[in-house]
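Model the placement of chain B on the given structure of chain A, informed by the hints.
One line per chain: the protein sequences are A and B, in this order. Take the first sequence: its letter number 27 is residue 27 in this note's numbering, and every next letter is one higher. If you want this note's numbering, it's the position in the second sequence, counting the first as 1, plus 1000.
Treat the hints as calculated values from the structure; they're not laboratory data. If you're wondering where the values come from, they're calculated on a predicted model, not measured in any experiment. Possibly wrong hints are sitting among the right ones.
[As the list claims (entries may be wrong)] Computed list of lysine-lysine pairs in DSS-like fashion (alpha-carbon distance at most 25 Å, straight line):
#1 A:57 - B:1100
#2 B:1037 - B:1068
#3 B:1068 - A:70
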Amino acid sequence: DAGITQSPRHKVTETGTPVTLRCHQTENHRYMYWYRQDPGHGLRLIHYSYGVKDTDKGEVSDGYSVSRSKTEDFLLTLESATSSQTSVYFCAISGVFGANVLTFGAGSRLTVL
Amino acid sequence: DQQVKQNSPSLSVQEGRISILNCDYTNSMFDYFLWYKKYPAEGPTFLISISSIKDKNEDGRFTVFLNKSAKHLSLHIVPSQPGDSAVYFCAASGSGGYQKVTFGTGTKLQVIP
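The following block holds chain A by itself, in its conformation from the complex (with noise of 0.2 Å):
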């Protein structure tokens, strides 16, 4: 077990709310990572972190922003959620088994109404 936890894991809100996932991780590792999940698109890169306060856009970061005050905690924020993120959304470490294989978490499933 990495040691990722991921809260909340089902979280159900409106268009326009905030939302913000929190990504734990006990391993101490140092990149971080937000990926989505949607039928169709496989897993997408949304932010990724290499380091405290050191973060960067992935492929599909409109509408997200992330924060990384500890090592041990990565937050993704939706400012104001759109039902198009509506998605699981998974966040990763990497350096467990390797440089760039990526060990996930069990992942948050949103829903915007």
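Only chain B this time, still in chain A's reference frame:
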């Protein structure tokens, strides 16, 4: 632009037979390839990987083949077991440590007892 493609959304195989999952990529900068397995309501788990300097990597019942000239890789599962029923994602990254990982759209494998 889908840089990693899995053209078969689903595959059904009889228990005991071989399962072959295929993946194509377009980015010639990719040189490290991975397969992940995902059960419902769980995060993807790393299965097997291969570097571009190899054309085959084996781990028990799982073998990955890489054809760099064709930009094609495949995952062979022999013999297939009902517990192998899951969604399989192909993924790719560049060289060096901590590169961004790009995923395919996934193939849902059903192994029929």
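We went through each hint and held it up to the structure:
Proposed proximity of residue 57 of chain A and residue 1100 of chain B is supported: the alpha carbons are some 11 Å apart, at most 25 Å. The hinted pair formed by residue 1037 of chain B and residue 1068 of chain B meets the criterion: a straight-line CA distance of about 23 Å does not exceed 25 Å. A distance of roughly 40 Å separates the Cα atoms of residue 1068 of chain B and residue 70 of chain A; the hinted pair therefore is violated under the 25 Å criterion.
Checked against the numbered hints given earlier, this structure breaks only hint 3.
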